[in-house]
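2 protein chains.
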Amino acid sequence: MSDWLDQIKWTEDGLVPAIAQEHGSGRVLMFAWMNRESLQLTVQSGKAVYWSRSRGKLWRKGEASGHEQIVHELRLDCDNDVILLEIEQKGGIACHTGRHSCFYQQYQDGRWQTVEPVLKNPEEIYKS
Amino acid sequence: MSDWLDQIKWTEDGLVPAIAQEHGSGRVLMFAWMNRESLQLTVQSGKAVYWSRSRGKLWRKGEASGHEQIVHELRLDCDNDVILLEIEQKGGIACHTGRHSCFYQQYQDGRWQTVEPVLKNPEEIYKS
Numbered sequence: 001m002s003d004w005l006d007q008i009k010w011t012e013d014g015l016v017p018a019i020a021q022e023h024g025s026g027r028v029l030m031f032a033w034m035n036r037e038s039l040q041l042t043v044q045s046g047k048a049v050y051w052s053r054s055r056g057k058l059w060r061k062g063e064a065s066g067h068e069q070i071v072h073e074l075r076l077d078c079d080n081d082v083i084l085l086e087i088e089q090k091g092g093i094a095c096h097t098g099r100h101s102c103f104y105q106q107y108q109d110g111r112w113q114t115v116e117p118v119l120k121n122p123e124e125i126y127k128s
Numbered sequence: 001m002s003d004w005l006d007q008i009k010w011t012e013d014g015l016v017p018a019i020a021q022e023h024g025s026g027r028v029l030m031f032a033w034m035n036r037e038s039l040q041l042t043v044q045s046g047k048a049v050y051w052s053r054s055r056g057k058l059w060r061k062g063e064a065s066g067h068e069q070i071v072h073e074l075r076l077d078c079d080n081d082v083i084l085l086e087i088e089q090k091g092g093i094a095c096h097t098g099r100h101s102c103f104y105q106q107y108q109d110g111r112w113q114t115v116e117p118v119l120k121n122p123e124e125i126y127k128s
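Chains A and B supply the protein sequences, listed in that same order. Here the first sequence is numbered in the working numbering, starting from 1 and rising by one per residue. Here the second sequence is numbered in the working numbering, starting from 1 and rising by one per residue.
Isolated chain A, as found in the complex (with noise of 0.2 angstroms):
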């Protein structure tokens, strides 16, 4: 039964955005792109799998840095075209830079602004 895979709107690119929000704070963490299999995939693992529009595969998030997202709650909205994962952010950063969010640029008299810090070297996620 695939039938809540096809009640979804996708682009004519075949996904779906993807908003994920942290369970128990509430901080919205990032926001990305998945397809038909990376939602199946979410599903399945109970961990957010993405669809990487740059690198045009699969993202299974966490899967360099060890930043997995478990996810807690799965929602979609009154048009079908956007999911809302609530998630539990493993080693409590979600940003490719290092920070707790991928939103901590905030609009300040005219100007983008950063207002959140580095927690981990990028260097150093990312290390093999």
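Keep in mind that the hints are not guaranteed to be accurate.
Since the list gives no way to pick out one identical chain from another, each pair is judged satisfied if it fits inside one copy or across any two copies.
[As the list claims (entries may be wrong)] Listed below are the simulated EDC-like cross-link pairs for lysine to aspartate or glutamate, each with C-alpha atoms no more than 20 angstroms apart in a straight line:
1. Lys120 x Asp3
2. Lys47 x Asp109
3. Lys57 x Asp79
4. Lys47 x Glu63
5. Lys120 x Asp79
6. Lys9 x Glu68
7. Lys57 x Glu123
8. Lys127 x Asp6
9. Lys90 x Glu116
10. Lys90 x Glu12
11. Lys127 x Glu12
12. Lys90 x Asp109
13. Lys47 x Glu116
14. Lys9 x Glu37
15. Lys47 x Glu123
It is worth saying that the hints were derived from the structure and are not from the lab. Owing to the predicted nature of the structure, the values given are computational and were not obtained by experimental measurement.
Since chain A is already given, all that's left is putting chain B on it; use the hints.
Here is chain B on its own, set in the frame of chain A:
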């Protein structure tokens, strides 16, 4: 000065995805798109203005329903291509179905289950 607008990586269609999160509750209420003009108007007016892709025009949130969104904070993500708005939701209803949040369908055992009540009949909301 519009450097802050130039810093945004707009799509080929001149849009940027926007996530509206409720001040206080932290609930993600809706997802929409903005173009340059709508983002500028959002900052100028302090109220969320989106770009309606279906109608092909500016969408001053609440213009028909009265359910305006007062902007408390604007954030930009690490790739400069997603906006996060912290908003106060007037009337407590963001969704055109009359629900608090657009994300009212929860994944449960292979289907999307509606888990949030309609707070106000849409016919009442949109009567002119």
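Checked hints:
1. Lys120 x Asp3: For Lys120 and Asp3, the Cα distance exceeds 20 angstroms both inside one copy (41 angstroms) and across copies (29 angstroms).
2. Lys47 x Asp109: Between copies, since 16 angstroms is at most 20 angstroms while 39 angstroms is not.
3. Lys57 x Asp79: For Lys57 and Asp79, only the inter-copy Cα distance (18 angstroms) is at most 20 angstroms; the intra-copy one is 26 angstroms.
4. Lys47 x Glu63: Within one copy only: 11 angstroms inside, 39 angstroms across.
5. Lys120 x Asp79: between (38 angstroms within a copy, 18 angstroms between copies)
6. Lys9 x Glu68: Neither: 26 angstroms inside a copy, 27 angstroms across copies.
7. Lys57 x Glu123: neither (23 angstroms within a copy, 44 angstroms between copies)
8. Lys127 x Asp6: Neither. Shortest intra-copy (39 angstroms) and inter-copy (33 angstroms) distances fail the 20 angstroms Cα cut-off.
9. Lys90 x Glu116: within (18 angstroms within a copy, 29 angstroms between copies)
10. Lys90 x Glu12: Classified as neither: same-chain Cα gap 32 angstroms, cross-chain 34 angstroms, threshold 20 angstroms.
11. Lys127 x Glu12: Neither: 36 angstroms inside a copy, 34 angstroms across copies.
12. Lys90 x Asp109: Neither, since 34 angstroms and 25 angstroms both go past 20 angstroms.
13. Lys47 x Glu116: This pair counts as neither: shortest intra-copy Cα distance 26 angstroms, inter-copy 25 angstroms.
14. Lys9 x Glu37: Classified as within: same-chain Cα gap 14 angstroms, cross-chain 27 angstroms, threshold 20 angstroms.
15. Lys47 x Glu123: Neither: 24 angstroms inside a chain and 40 angstroms across chains, both beyond 20 angstroms.
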